[in-house]
Amino acid sequence: MTGYVFDDTVLLAYAQGSLTTASLIAHLAERDIRMAVPTLTLASVKAELGEEQREGIDGVIDNIDARGCCRIG
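So for the sequence shown, numbering that gives the first Met the number 0 puts the first residue at 0; every next one is plus one.
Simulated from the structure, these hints should not be mistaken for lab results. Mixed in with the good hints, there may be bad ones.
EDC-like mimics (lysine to aspartate or glutamate), calculated; alpha carbons at most 16 Å apart, straight line [what the hints assert, rightly or not]:
| hint | residue 1 | residue 2 |
| --- | --- | --- |
| 1 | Lys-45 | Glu-29 |
| 2 | Lys-45 | Asp-6 |
| 3 | Lys-45 | Asp-61 |
| 4 | Lys-45 | Asp-7 |
Have a look at the derived ranges for each label pair, beta carbon to beta carbon [unchecked claim]:
| hint | residue 1 | residue 2 | range |
| --- | --- | --- | --- |
| 5 | Gly-49 | Thr-1 | 31 to 37 Å |
| 6 | Asp-7 | Glu-50 | 28 to 34 Å |
| 7 | Gly-49 | Thr-8 | 15 to 21 Å |
| 8 | Ala-46 | Thr-1 | 28 to 34 Å |
| 9 | Arg-30 | Glu-50 | 17 to 23 Å |
Being a predicted model, the structure only gives us computed values, none of them experimental. A virtual CB, placed ideally from N, CA and C, is assigned to each residue, including glycine.
The task is simple: from the sequences and hints, build the whole structure.
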């Protein structure tokens, strides 16, 4: 199985409304690609964002979790 680990640049770009990044995430979700978000990366990114942006990131993470993917601690 192929995997993709989200880094801070991907999460920040998504939170700032990047259509390219949204397409990347949708593309990965459509395929059998396991996605993960390191916990420290997630915390670091969320510290830089406003409430609405954090909620958007949480929605992506919830979707990743629902697909049986993991967070790396």
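Right, here's what the structure says about each hint:
{"no.": "1", "hint": "Lys-45 x Glu-29", "in the structure": "violated (25 Å)"}
{"no.": "2", "hint": "Lys-45 x Asp-6", "in the structure": "holds (12 Å)"}
{"no.": "3", "hint": "Lys-45 x Asp-61", "in the structure": "holds (15 Å)"}
{"no.": "4", "hint": "Lys-45 x Asp-7", "in the structure": "holds (10 Å)"}
{"no.": "5", "hint": "Gly-49 x Thr-1: 31 to 37 Å", "in the structure": "holds (33 Å)"}
{"no.": "6", "hint": "Asp-7 x Glu-50: 28 to 34 Å", "in the structure": "violated (19 Å)"}
{"no.": "7", "hint": "Gly-49 x Thr-8: 15 to 21 Å", "in the structure": "holds (18 Å)"}
{"no.": "8", "hint": "Ala-46 x Thr-1: 28 to 34 Å", "in the structure": "holds (30 Å)"}
{"no.": "9", "hint": "Arg-30 x Glu-50: 17 to 23 Å", "in the structure": "violated (31 Å)"}
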